[in-house]
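Starting from the structure of chain E, add chain X where the hints point.
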Amino acid sequence: AQTVTQSQPEMSVQEAETVTLSCTYDTSESNYYLFWYKQPPSRQMILVIRQEAYKQQNATENRFSVNFQKAAKSFSLKISDSQLGDTAMYFCAFMKRTGTASKLTFGTGTRLQVTL
Amino acid sequence: GAVVSQHPSWVICKSGTSVKIECRSLDFQATTMFWYRQFPKQSLMLMATSNEGSKATYEQGVEKDKFLINHASLTLSTLTVTSAHPEDSSFYICSADRFQETQYFGPGTRLLVL
Numbered sequence: 021a022q023t024v025t026q027s028q029p030e031m032s033v034q035e036a037e038t039v040t041l042s043c044t045y046d047t048s049e050s051n052y053y054l055f056w057y058k059q060p061p062s063r064q065m066i067l068v069i070r071q072e073a074y075k076q077q078n079a080t081e082n083r084f085s086v087n088f089q090k091a092a093k094s095f096s097l098k099i100s101d102s103q104l105g106d107t108a109m110y111f112c113a114f115m116k117r118t119g120t121a122s123k124l125t126f127g128t129g130t131r132l133q134v135t136l
Numbered sequence: 033g034a035v036v037s038q039h040p041s042w043v044i045c046k047s048g049t050s051v052k053i054e055c056r057s058l059d060f061q062a063t064t065m066f067w068y069r070q071f072p073k074q075s076l077m078l079m080a081t082s083n084e085g086s087k088a089t090y091e092q093g094v095e096k097d098k099f100l101i102n103h104a105s106l107t108l109s110t111l112t113v114t115s116a117h118p119e120d121s122s123f124y125i126c127s128a129d130r131f132q133e134t135q136y137f138g139p140g141t142r143l144l145v146l
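In the order they appear, the protein sequences are chains E and X. When you line the first sequence up against this note's numbering, it's residues 21 to 136, in that order. When you line the second sequence up against this note's numbering, it's residues 33 to 146, in that order.
In case anyone wonders, no lab produced these hints; they're calculated from the structure. Treat the hints with caution; some may be incorrect.
[What the hints assert, rightly or not] SDA-like, lysine to any residue: derived pairs with alpha carbons at most 20 Å apart:
#: 1; chain 1: X; residue 1: K52; chain 2: X; residue 2: D120
#: 2; chain 1: E; residue 1: K123; chain 2: X; residue 2: M77
#: 3; chain 1: E; residue 1: K75; chain 2: E; residue 2: S94
#: 4; chain 1: E; residue 1: K90; chain 2: E; residue 2: I66
#: 5; chain 1: E; residue 1: K123; chain 2: X; residue 2: K52
#: 6; chain 1: E; residue 1: K123; chain 2: X; residue 2: T110
#: 7; chain 1: E; residue 1: K75; chain 2: E; residue 2: G119
#: 8; chain 1: X; residue 1: K73; chain 2: E; residue 2: M31
Only a predicted model underlies this, so the values are computations on that prediction, with no experimental measurement involved.
Looking at chain E on its own, in the form it has when it is part of the complex (with noise of 0.2 Å):
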């Protein structure tokens, strides 16, 4: 069984700068793929970034990137330039990679307020 642990419930970050948020897992399958999910205040989970593992470059998507560090099994986010509307839940994912759909285990989350 996988195991998914975010170690901070909450950070809080100033408008402009960089946070980075940590994920740890646990599994012995070689195959997979990571996310991080961000949830507002709205409650919609919404996907931020997607990383396969048998890429070992990092995934990127405008002001968010991660450090995938697969043999330390480390999965961090770092937000570039926040912004008031990254204030949420950011949950670290991990799913099997198997060719069919798989499960998705979840991480206790992380608060983010954004602060101006």
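Using the frame of chain E, we list chain X on its own:
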């Protein structure tokens, strides 16, 4: 692309009644959809996996007779909470699997059972 809708967004019902929640993938086909429940300030809890044309697979501890799931087409899955009671009040979210590599989520349904 990859939009998932959920209806209704809010529902209030009396104890003992049944409530149906629809989950639709609007711009892609989804052989598999998932149903989650989320308690306040907690992570998502997977309830069941819904496969088009076959029976749903329920997670341990989820009552399949209480939470009926039907995946009638490649774009629609429904969750029916039967004989709802106040303890069933929660936030229910569906997701649709795209290309067996990413789940996209609906906006969720807030259920309040009085």
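Now the hints, each set against the structure:
1. Note on K52 (chain X) and D120 (chain X): the hinted pairing holds, with a Cα-Cα distance of about 13 Å set against a maximum of 20 Å.
2. With a C-alpha separation of about 11 Å, the suggested pairing of K123 (chain E) with M77 (chain X) holds against the 20 Å cut-off.
3. Simply put, K75 (chain E) and S94 (chain E) have alpha-carbon atoms about 14 Å apart, close enough for the 20 Å limit, and the pair holds.
4. Taken as a hint, the K90 (chain E) and I66 (chain E) pair is broken in the structure, with Cα atoms around 24 Å apart against an allowance of 20 Å.
5. Of the pairs offered as hints, the one joining K123 (chain E) and K52 (chain X) is violated, with about 23 Å between alpha carbons and a cut-off of 20 Å exceeded.
6. Restraint check for K123 (chain E) and T110 (chain X): the C-alpha separation of about 18 Å stays at or below 20 Å, so the hint holds.
7. Among the hinted pairs, K75 (chain E) with G119 (chain E) is consistent with the structure: their alpha-carbon atoms are about 17 Å apart, no more than 20 Å.
8. This hinted pair checks out: K73 (chain X) and M31 (chain E) have alpha carbons roughly 15 Å apart, not beyond 20 Å.
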